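In order, the protein sequence lines correspond to chains A and B. Under UniProt numbering, read the first sequence as residues 1 to 251, first letter to last. Under UniProt numbering, read the second sequence as residues 1 to 251, first letter to last.
I should point out that these hints are in silico values taken from the structure, not numbers from a laboratory. Since this is a predicted model, take the numbers as computed values, not measurements. Beta carbons are placed, not taken as given, at the ideal position from N, Cα and C, and that holds for glycine. One should not assume that every hint holds.
Here are the computed lysine to any residue pairs in the SDA-like style, where the Cα-Cα straight-line distance is at most 25 Å [to be verified]:
{"no.": "1", "chain 1": "B", "residue 1": "77", "chain 2": "A", "residue 2": "58"}
{"no.": "2", "chain 1": "A", "residue 1": "166", "chain 2": "B", "residue 2": "238"}
{"no.": "3", "chain 1": "A", "residue 1": "103", "chain 2": "B", "residue 2": "239"}
{"no.": "4", "chain 1": "B", "residue 1": "166", "chain 2": "A", "residue 2": "166"}
{"no.": "5", "chain 1": "B", "residue 1": "103", "chain 2": "A", "residue 2": "93"}
{"no.": "6", "chain 1": "B", "residue 1": "103", "chain 2": "A", "residue 2": "238"}
{"no.": "7", "chain 1": "A", "residue 1": "103", "chain 2": "B", "residue 2": "166"}
{"no.": "8", "chain 1": "A", "residue 1": "166", "chain 2": "B", "residue 2": "83"}
{"no.": "9", "chain 1": "A", "residue 1": "166", "chain 2": "B", "residue 2": "223"}
{"no.": "10", "chain 1": "A", "residue 1": "166", "chain 2": "B", "residue 2": "239"}
{"no.": "11", "chain 1": "A", "residue 1": "166", "chain 2": "B", "residue 2": "222"}
Rough simulated footprint, nothing fancy, chain B against chain A, three-plus residues with beta-carbon under 8 Å [claimed, not checked]:
{"no.": "12", "stretch": "46-58"}
{"no.": "13", "stretch": "72-83"}
{"no.": "14", "stretch": "135-146"}
{"no.": "15", "stretch": "225-237"}
2 protein chains.
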Amino acid sequence: MTYCVGLLVEDGLVMVADTRTNAGLDDISTYRKLHHFNVPGERVMMLASAGNLSVTQSVLSLLSEGVPGEDGEPATKLVEAPTMFQAAQLIGRAIRRVRAIEKAGFEAAQIRFSISLLFGGQIGDEPMRLFLIYSAGNFIECSTDAPFLQIGEHKYGKPILDRAVKFETDLYDALKVGLVSMDSTMRSNLGVGLPLDIAVARRGALALEVNHRIEAGETYFHDLRERWSAALRAAHRAIPRPPYGPAPAAK
Amino acid sequence: MTYCVGLLVEDGLVMVADTRTNAGLDDISTYRKLHHFNVPGERVMMLASAGNLSVTQSVLSLLSEGVPGEDGEPATKLVEAPTMFQAAQLIGRAIRRVRAIEKAGFEAAQIRFSISLLFGGQIGDEPMRLFLIYSAGNFIECSTDAPFLQIGEHKYGKPILDRAVKFETDLYDALKVGLVSMDSTMRSNLGVGLPLDIAVARRGALALEVNHRIEAGETYFHDLRERWSAALRAAHRAIPRPPYGPAPAAK
Chain A
1 MTYCVGLLVE DGLVMVADTR TNAGLDDIST YRKLHHFNVP GERVMMLASA GNLSVTQSVL
61 SLLSEGVPGE DGEPATKLVE APTMFQAAQL IGRAIRRVRA IEKAGFEAAQ IRFSISLLFG
121 GQIGDEPMRL FLIYSAGNFI ECSTDAPFLQ IGEHKYGKPI LDRAVKFETD LYDALKVGLV
181 SMDSTMRSNL GVGLPLDIAV ARRGALALEV NHRIEAGETY FHDLRERWSA ALRAAHRAIP
241 RPPYGPAPAA K
Chain B
1 MTYCVGLLVE DGLVMVADTR TNAGLDDIST YRKLHHFNVP GERVMMLASA GNLSVTQSVL
61 SLLSEGVPGE DGEPATKLVE APTMFQAAQL IGRAIRRVRA IEKAGFEAAQ IRFSISLLFG
121 GQIGDEPMRL FLIYSAGNFI ECSTDAPFLQ IGEHKYGKPI LDRAVKFETD LYDALKVGLV
181 SMDSTMRSNL GVGLPLDIAV ARRGALALEV NHRIEAGETY FHDLRERWSA ALRAAHRAIP
241 RPPYGPAPAA K
């Protein structure tokens, strides 16, 4: 499994991704799922992946080497796409190309072709954008009403995002909530695990402000997990006893 | 969709179930999913259901009218089962019987035969028990290490259960956490909704202590939702800013 979340708030873009891949519970590895395609001062682009590892790696390689054009047009690299929308379209084309190559083999082996990607960033003067790209190569864009998108094992970590993230949320608060959302997911699904990759890009900066791997045992994240657990326990204790049933005996 | 949670703690058993059923988003109804089979002073039994409504209703009717025995033995009603284990087995038999009747029609219409049940309670002097019964009629039992079981849309509401419920948790705290878990689920999945049915049985009492429907607008639950949201917001605000990236500008 995998869990990645992208948050596009007023001040910029945050992505948080785990690194655990598994083929069964007895075959667990660490692979980077959060990638960057940057030309500082010109563009900043982040791409997080979930799904079949062979598919996601092939798509990434195509995006680095160049996705062949249709009708014999020259290949285009992701860093050459003129706008974020055309970059998302290019990623969709890369997915369809990998599918065309793998289709027969996957069907013969009864393997599901699965991939989903979070793609966000900014090119030049155009707005910062965040997309979720599906297996078919189609995609949706993040809105200011719900300024986050998730891929992979997304349900455990969604309640805190639904409650705590608004478009106006501070950039590093968004990172914090992303980490809390990741923590909730890791607690409930063994297929999502440390280390974590995080990235932050401030709107207009056209460069990464944070590009960091959180390893197991890192003090801040350990402290965040402890504080969050303690706060949840305190929060439910502070809610009054349900008024149903007999009144509790006096102590 | 559906979400039901059962909590078996030191002092007794709690169940919380929503009531929303839907065949598509444009066909939403309210159906009771939490049922009781009680003989006060002799036994208390709760049964919560998720899955195909026609299947769950047929299973419930069989359990009320009597599940035909194998090899021509007389039918047995759920309230006649001598132990909780044999009662769970009887429910499994009822599921297999409904499947045998519906199999051909479901296959012809390409409908999936799906049902899952939470079944908990106590008979006479035997221990209080809680089971999760699957579509195949097999079942697992709740343990003291993780003193809850869930059916239906279970992921959104699991992080709070993982953190806040222990076997030693007070009975009405368990109810409270069950309601918080339900709230998290309702916020993230429109297929789970009010009103809610709740039931509480104290260990050894052999009768329901609470049997209540929480309607939309009920003050306590509304207040719980507000308090929980406020506490979550306060909780993540109290966590320090992530130490990555440049220090924030002085204000």
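**Report entry** Hints violated by the structure (listed by number, smallest first)
**Finding:** 1, 3, 4, 5, 6, 7, 8, 12, 13, 14
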